[in-house]
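Protein chains: 4
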Amino acid sequence: MSTPLRVAMIGAGFMGAAHSQAWRTAPRVFALPRDVELTVVAGRDAGRTAAAAARWGWAESTVDWRNAVARDDIDVVDVCTPGDTHAEIAIAALRAGKHVLCEKPLANSVVEAEAMAAAAEDSPARAMVGFTYRRVPAVTLARDLVADGAIGELRQARAVYLQDWLADENAPHTWRLDKAISGSGALGDIGAHIIDAVQFVSGQRVDAVSGLLRTFVTERPAGSGRAPVTVDDAAVFTGTLSGGGIATFEASRVATGRKNALRFELSGSAGAIAFDLERLNELELYRAADGPTAGFRRILATEPEHPYVAAWWPPGHGLGYEHGFSHQVKDLVEAIDGGHRPRPSFADGLQVQRVLAAVEQSAGHGSAWVPVPA
Amino acid sequence: MSTPLRVAMIGAGFMGAAHSQAWRTAPRVFALPRDVELTVVAGRDAGRTAAAAARWGWAESTVDWRNAVARDDIDVVDVCTPGDTHAEIAIAALRAGKHVLCEKPLANSVVEAEAMAAAAEDSPARAMVGFTYRRVPAVTLARDLVADGAIGELRQARAVYLQDWLADENAPHTWRLDKAISGSGALGDIGAHIIDAVQFVSGQRVDAVSGLLRTFVTERPAGSGRAPVTVDDAAVFTGTLSGGGIATFEASRVATGRKNALRFELSGSAGAIAFDLERLNELELYRAADGPTAGFRRILATEPEHPYVAAWWPPGHGLGYEHGFSHQVKDLVEAIDGGHRPRPSFADGLQVQRVLAAVEQSAGHGSAWVPVPA
Amino acid sequence: MSTPLRVAMIGAGFMGAAHSQAWRTAPRVFALPRDVELTVVAGRDAGRTAAAAARWGWAESTVDWRNAVARDDIDVVDVCTPGDTHAEIAIAALRAGKHVLCEKPLANSVVEAEAMAAAAEDSPARAMVGFTYRRVPAVTLARDLVADGAIGELRQARAVYLQDWLADENAPHTWRLDKAISGSGALGDIGAHIIDAVQFVSGQRVDAVSGLLRTFVTERPAGSGRAPVTVDDAAVFTGTLSGGGIATFEASRVATGRKNALRFELSGSAGAIAFDLERLNELELYRAADGPTAGFRRILATEPEHPYVAAWWPPGHGLGYEHGFSHQVKDLVEAIDGGHRPRPSFADGLQVQRVLAAVEQSAGHGSAWVPVPA
Amino acid sequence: MSTPLRVAMIGAGFMGAAHSQAWRTAPRVFALPRDVELTVVAGRDAGRTAAAAARWGWAESTVDWRNAVARDDIDVVDVCTPGDTHAEIAIAALRAGKHVLCEKPLANSVVEAEAMAAAAEDSPARAMVGFTYRRVPAVTLARDLVADGAIGELRQARAVYLQDWLADENAPHTWRLDKAISGSGALGDIGAHIIDAVQFVSGQRVDAVSGLLRTFVTERPAGSGRAPVTVDDAAVFTGTLSGGGIATFEASRVATGRKNALRFELSGSAGAIAFDLERLNELELYRAADGPTAGFRRILATEPEHPYVAAWWPPGHGLGYEHGFSHQVKDLVEAIDGGHRPRPSFADGLQVQRVLAAVEQSAGHGSAWVPVPA
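Quick note, the sequences are listed as chains A, B, C and D, same order.
Here the first sequence is numbered in the UniProt record's numbering, starting from 1 and rising by one per residue.
Here the second sequence is numbered in the UniProt record's numbering, starting from 1 and rising by one per residue.
Here the third sequence is numbered in the UniProt record's numbering, starting from 1 and rising by one per residue.
Here the fourth sequence is numbered in the UniProt record's numbering, starting from 1 and rising by one per residue.
Heads up, a few of these hints could be off.
The calculated label-pair distances, taken between Cβ atoms and stated as ranges, are [said to hold, decoys possible]:
id	chain 1	residue 1	chain 2	residue 2	range
1	A	Glu60	B	Asp207	55 to 63 Å
2	B	Val63	C	Thr3	57 to 65 Å
3	D	Gly149	B	Pro373	50 to 58 Å
4	D	Pro304	A	His340	53 to 61 Å
5	B	Arg95	C	Gly223	57 to 65 Å
6	D	Gly291	B	Arg95	46 to 54 Å
7	D	Gly291	B	Asn170	35 to 43 Å
From the derived model, a few chain C residues whose C-beta atoms are all more than 12 Å from chain B [claimed, not checked]:
id	residue
8	Gln21
9	Arg71
10	Gly203
11	Gln204
12	Gly223
13	Ala227
Keep in mind that the hints were calculated from the coordinates and are not lab data.
Cβ coordinates follow ideal geometry from the N, Cα and C atoms, glycine included.
Taking the hints into account, I'd like the entire structure generated from these sequences.
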């Protein structure tokens, strides 16, 4: 095995925990071409970052992300911070010649995302945006089946991402509710995932949208008072697809009882495919050609023939949420070693950003249709 | 028991079969205040109508609906024809002093529906429009629970009605694909049901919409050639609700693999409720107050405490599709006998018609929002 | 159409209601060779029986079943009484030359069942026992698929019938808890159904059993006191099948939360099939030959190609519990008219009775295996 | 943090991979009192073991398990070998003063298991048997709910563990099909899990059993020929519980279409609880006290209040199969550090072994009931 890839992770929150688990795990499960070293994690608070480093298995911690990004002994920068800092960090890393993995959504604005995509385009390094759900085996399988024609010509997609952690009007304020930091609410946080999922599985782009945003709880407890919520609780939008179909989307963080229900269903001329992240080891497939015994098949996506699965456990022994991240590490390491540009690229992330921006624009103009530039 | 209600049914297609089953069954299951007589069925083809009458248990058949409606020995007229004839028949019946049950959607246009609602308003007779799914016990139970505050303040509704009988591009042309007869496609045929369902269960009106219609297969086999499809295959629309929430709707007859999936989910501040017509004896309820043991409860709506159920079978012995119609007959007969105006009234049907028209208008104007008059 | 079949129904309880619905409905839905007349219903209490007759649509009522059975204007006797009277009534009817439909289990003892089967064998009339769940379309479809080889060679069957109406220790005493009247508890009441279901779908006989019976609540409220429960609350047994497989059975009326869960799963060398009466319009099928996209298919057994369905509603418009009885009437009328002996015959009912007796015998002898005579 | 626990893992197969993942992960997720070092893995084949060590993150590898167990720098021995070697390795380790984690079933015979339990009893070290499914959060939650009275008095348990990797008669021979190595077939391999699950969740012992074993495919491909299968493909048995209830069990490796379906349902006087390992993040709970809105609640066992979950991801972000092992490591490390004896102990493992032996004995004697010593 050649020299290991040395990683600097910027950000020490929930995403940092998930990414750490992936960096530790991927080389222990997959036959990667290069090993991985968890070199340094950068956070805002020295004590908490040091504690996170110790817990998560990073050799060092720092509060100076610029230094971490610039170090000679770093090959890969993993950006796990809120969206308002993605552009600065990722561009700095690319300019320093580092490979970059950046959490989604790529940025808080199209302008930032364009700059990031340009920086990636200009760099010999690899750049990848973290739409990890692509790498849940059932989702990758869905993409493969659709590409193989299992559902025929796509006509309709319907996708929702439903959570309920903001359903309680007394759920506390967080940075995710501050537009200046998070860019948007449910739209960018989870809506970005269903845009990517539909585009990835269908192989088509969303090329125009009509949208509506809604905030139901306009201020929330913060400290001893209440702070304004400046982002959407729910985003609903309709889109047209580059292949001629139509799609509906809903992202909500007030969908009481739904915890992490990223669901999509694609209906084609010959079949349909459906997925629910709350049951992430399952894929439903309907083939019209099955005739009178046709029915949605509940496929346990845990067979060795299924994407990523052969390296894991026997059939029926399901994977958890975090291994979308493990598979992301695998694919990134292979891309770095193999010299090809991984997907989803920063250009892919930019395109999702354009869809998000178009939804916001449409929502601000009475749901008028807004085209999404290719 | 007082004298029986004598019924004339106009229309001898699939709906006629379902209504006949209901007219026969309701008085044998429920303790109705008046019995029912299946007096005459009117159809277009004498032979086929006579055969239908014999099979379904009607005393007579005719091809002259005007005569059937005018007969002195008829108390109730049941309109089961395509939408283009609803207005003429229903208004004639009301003017002849008959009680009227009219299939949904009430009409093919708002103008017709207004005339029908006016005729109903002017008449001492009872008039009811056939949104039968209100009377599936699980749906009525959902309404009762929402009215009792089980889900708190409603924020979001999501409703779909998915079928796939037009997914095959070689499925034959029918009158349902001819706008002149059917008024619209998926929109009026099945979209009307989800509009009514959301409004009924929530107790709120859709007061504005933004919509999109799409026809994927533009001509279909007819005789030895192909005939143009002049209605939508799928209709998707977003609405605002009179209580401040938002709703999404999708009606599709090309949703491969879904046979009769009228599904709705209402998310409120304290809980949620979900239903799927393909599993019509079940209702799902989530109560946030259940805390760490909260989960969507799969309620079998077959307990004697549930609406309509006590007259039927023991718990767990589910009802079929047709008994929404049986319950409709029960409620109509009780309204006639009790002297109260039944719901959904023609005014309710008119309101749904206005939503449908607003969707069409919005779809024709780039999905611009169109208000729905109260 | 030739002269109608004139029916006398003996018994006016819950089963009487279900049978009445079927006698009324089958001729209105199916193109039967002969029409049906609901001539007379016999019950124990004159007033209640007359009321039932009026509600259910029978021309006459009586408290004298012997007279009803003997009348010249009766063609068919439908026995819906508790098990202790089946033999006497059915044999009298057969000797009077009447066709007989008898509720399950056929009798309360093998001796009675043998006499009934002998009487049926000796008679030119038709005799049928009421295992109606065979005639739920999904169950008949399961049988057809298994017969067509869809699951290969059967190895294991697992069947449960779970109800919970006796879970509450204060649920009142009824005749169903008195061994003298009901013969047994969960075993004969609902265990008989799963024995028949497994045998019917597999095409194999249970040829030996090892069983255990258990009564958890040994006395229950009756009048102002409590009466002893002399039957089982739950019966569990293992069986061997005539084709070499094995089967497990559980019948329980104390399975809290399960209302009418007759479930079976048959596992074969090439596939599997599963059914749940709480979702009676669905059948699950797994075909190993589907390879990496294999999964249990949720077939909505509502397609026109499915058994009995073409006469009913469009796809996805499910049937209710009662139409197993409607289909039973259809098949019985066709057998009477066609001159063939219908299944399940009294001999089939006797065979189930022998299985029940063998379970009781095994349970009384430390679960020792007891062979079931062919 | 005090000095790390140094681990020797014996066995480098599938279980070794799962245990390695757990040893690596637990200290990075939970705030353990002591860190863990993956010191050495012992296997049969030097090359393969070295490769496994490199992949899985062990510092060293060896083919000499005796040496590994005896080393001064080892604190914990983790036994992941086939059952025929458990006793020798575990007893050697205990005598060397090491803490021992031993895969299930504890041994291939009661005699071996007794010796192991005695060795554990005599040792100051900790000994634990690897019934990891206890530590799936939903299963631990089930135990807690039952202990809190959520289902009232337990009456019936039904448990199955269904797999299908032997359904194909040409699936190859393995050591798991050789009784000399594996002890038994489905019975010990997966039947042991459902025995433990029912006992753990109910808090009761199986105190007598009546069983049946069956081998459907008696020889399988091995090299260029076929080798005899000397273990069961399926085991079905009934048990009585120490609290007065009854239980049914089925373990099968020929249940076509079921991949890893460890399912149990416990029915009590006040409720019921159900689990399916194929959907391991869900628990179903029915509370009779919910009255007319009672229904099985689908609880996503991913809330911070649920066992083990707070250290992981947000609600709805499910865990995978392997983290039962991670939780096992957590609990073992805490027991070692805290000085208490962990459960399931070797005595617990012996008790399961006695149930397994009783099933085999019963199966060999016509399913006669065999008591299980306490």
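Structure-based check of all given hints:
no.: 1; hint: A/Glu60 - B/Asp207: 55 to 63 Å; result: holds (59 Å)
no.: 2; hint: B/Val63 - C/Thr3: 57 to 65 Å; result: violated (30 Å)
no.: 3; hint: D/Gly149 - B/Pro373: 50 to 58 Å; result: holds (56 Å)
no.: 4; hint: D/Pro304 - A/His340: 53 to 61 Å; result: violated (41 Å)
no.: 5; hint: B/Arg95 - C/Gly223: 57 to 65 Å; result: holds (60 Å)
no.: 6; hint: D/Gly291 - B/Arg95: 46 to 54 Å; result: holds (49 Å)
no.: 7; hint: D/Gly291 - B/Asn170: 35 to 43 Å; result: violated (51 Å)
no.: 8; hint: Gln21; result: violated (7 Å)
no.: 9; hint: Arg71; result: holds (23 Å)
no.: 10; hint: Gly203; result: holds (27 Å)
no.: 11; hint: Gln204; result: holds (28 Å)
no.: 12; hint: Gly223; result: holds (22 Å)
no.: 13; hint: Ala227; result: holds (21 Å)
When the structure is compared with the earlier hints, violations turn up for hints 2, 4, 7, 8 and for no others.
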